[in-house]
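Given next are the chains, with one letter for each unit.
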Amino acid sequence: MKIENLTIKSAHDGLKNGDFTSVELTNAYLKKIEEKDGEVKAFVTVTKDLALRQAKEADEMIKRGEMTMLTGIPCALKDNFLVEGEKCTASSKFLENYVAPYNATVVEKLKRQGAVFLGKTNLDEFAMGSSCENSAFFKTKNPRDLERVPGGSSGGSAAAVAADMCVYALGTDTGGSIRQPASFCGVVGLKPTYGAVSRNGIIAFASSLDQVGPITKNVEDAQIVFESIKGRDEYDSTTVEYIEKETDGFKIGVPKEYFVNGLDKEVERSIKEAIEEYRKMGAEIVEISLPHTEYALACYYIVAPAEASANLARFDGLRYGQNIDGIISNRTKYFGSEVKKRIMLGTYTLSSGYYDAFYKKALKVRTLIKNDFEDVFKKVDVILGPTSPCLPFKIGEKQDDPMAMYLSDIYTVSVNLAGLPAISIPSKSEGLPIGIQLIGKPFKEKELLKIANKYDR
Amino acid sequence: MISSEEIKNIAKLSYIEIKDEEMEEMRKNFSSILEYVKKLQELDTDNIEATPSIIDLESVMREDVFKNSDSKLISYFSRSKNNYLEVKKILYNED
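Chain order of the listed sequences is A and B.
By the working numbering, the letter at position 26 of the first sequence is numbered 461, and the numbering carries on one by one without gaps.
By the working numbering, the letter at position 23 of the second sequence is numbered 154, and the numbering carries on one by one without gaps.
No false leads were mixed into what you were given.
Okay, derived cross-link-like pairs now, BS3-like style, lysine-lysine, Cα gap no bigger than 30 angstroms in a straight line: (1) B:LYS143 with A:LYS795; (2) A:LYS574 with B:LYS150; (3) A:LYS863 with A:LYS691; (4) A:LYS451 with A:LYS466; (5) A:LYS795 with B:LYS159.
Below, a sample of chain B positions facing chain A; criterion: calculated Cβ distance under 7 angstroms: (6) ILE141; (7) TYR146; (8) ILE147; (9) TYR167; (10) VAL168; (11) ILE179; (12) ALA181; (13) ILE185; (14) LYS203; (15) LEU204.
The hints are simulated quantities; they were obtained by calculation from the structure and are not laboratory data.
If you're wondering where the values come from, they're calculated on a predicted model, not measured in any experiment.
C-beta atoms are modelled at their ideal positions from N, C-alpha and C, and glycine is treated no differently.
Work out the full structure: start from the sequences and follow the hints.
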């Protein structure tokens with residue numbers, strides 16, 4: 436059977452009409468993974484037995500008429516989501532043999548709907564990176580050009596969707612880790628509002644920034660997945676229940692600070708074309724200013740490592756994970772260098788004598804960044820700009836220069852600092868994929884997705 | 132540039148050991164990031180409140196009752212005794 440370009444909607448229709456069963460669909464994807472993943476290397480683990488078991492159950496559910504949009508649809512999960520009885524490595528040697536003892540809340544939600552889990556996808560170790568080159572196991576390739584990176588940290592999830600090795604995937608986004616790989620691989624990636632989706636059962640990186648979201652073929656699919664994973668969870672105290680009213684706003688803000696030095700010309704041209712297309716569709720385009728944009732990355736690289744240093748303190752090797760001879764030996768041997776660097780950076784900025792100058796200062800700048808967005812959202816419904824300042828880069832190109840790598844997140848990090856929802860959608864330009872980022876108001880995903888969908892169609 | 136001594140001290144606080152052959156690379160990378168984040172000092176933030184989290188977090192309380200015993204978790208312990216995690220002694224008498 437042909438699975439190329441299947442979406443959730445079209446796969447759902449096929450299952451519903453009896454064109455194929457979930458077992459047939461799942462086998463087709465497993466075959467595709469077997470053929471294609473040797474070169475793309477998106478999967479850390481393929482959970483074939485689990486997938487086929489789930490597909491059988493889904494077919495039973497469909498027969499009984501208990502079908503939702505996700506029943507029987509094969510998907511992939513970033514390898515920092517716990518799935519009971521399956522390995523969960525966070526692409527780290529530290530957790531190479533770790534088997535998850537329970538399901539993440541979102542995994543449980545998908546399971547209840549009869550979702551099929553094809554496998555766990557590669558990431559930068561503990562989600563720290565923008566290219567998937569920091570995985571402790573192997574580098575994932577960009578399916579659109581195998582010499583290039585798929586982006587990161589959810590690079591495996593984006594590559595799997597782009598290469599038709601799953602219908603959709605889940606990722607996590609702390610500073611752009613869903614949107615930037617979606618942009619690089621030419622697919623859709625949604626980071627919901629902070630507090631919209633539970634992080635329980637997902638390996639934490641920076642808890643005031645982390646959020647879970649879908650990577651899909653189109654905006655409609657992103658909406659379907661988002662609606663089924665969001666909501667209050669007693670195991671994540673940041674989550675809230677909310678109902679969003681339908682709106683018809685179509686005022687798009689374009690920040691002048693997003694079109695400055697360092698933005699690739701081809702990316703700039705492509706974004707400007709998208710703005711023109713929106714204008715033709717009747718959108719009101721407003722030039723806006725987010726004056727603290729240039730400080731967002733510096734703010735992020737204090738806040739995120741500080742929180743990471745606390746979150747990763749749990750990895751001592753005594754309760755789970757690798758154990759050789761004591762905490763220091765375990766951490767020294769099994770953490771990769773980027774992870775060590777970020778833990779140490781966080782430890783440094785939180786240590787006495789540096790706390791006020793670095794960490795406290797960053798939290799104050801965070802307020803300024805958040806206020807910039809609040810001011811602008813009094814005037815516009817969404818903000819439009821590039822997802823990444825550059826095209827997908829070559830494997831190895833930025834690996835020796837951490838600052839160059841970090842700069843590829845310059846347009847995405849401020850969204851996490853302000854807790855906003857944002858989506859990356861592929862532009863229509865030829866050549867390497869370019870992502871358009873649309874940023875929405877907090878808890879206004881419907882409005883954001885509606886505007887995104889107008890271009891996506 | 133940050134000194135090797137400082138790196139060693141931060142590593143110690145982080146429960147990580149930096150080997151001699153990693154030191155130069157770590158000093159270089161660490162310094163370039165510190166240099167970059169110093170950019171924040173340009174901003175006057177004297178009367179600005181800090182935002183540690185976007186949501187106003189409240190402590191979540193629950194009844195102190197035993198819930199969810201999972202023997203699987205104990206089986207992951209590197210060493211255990213009577214369902215407790217067994218670790219090396221960490222408090223010593225200084226004498």
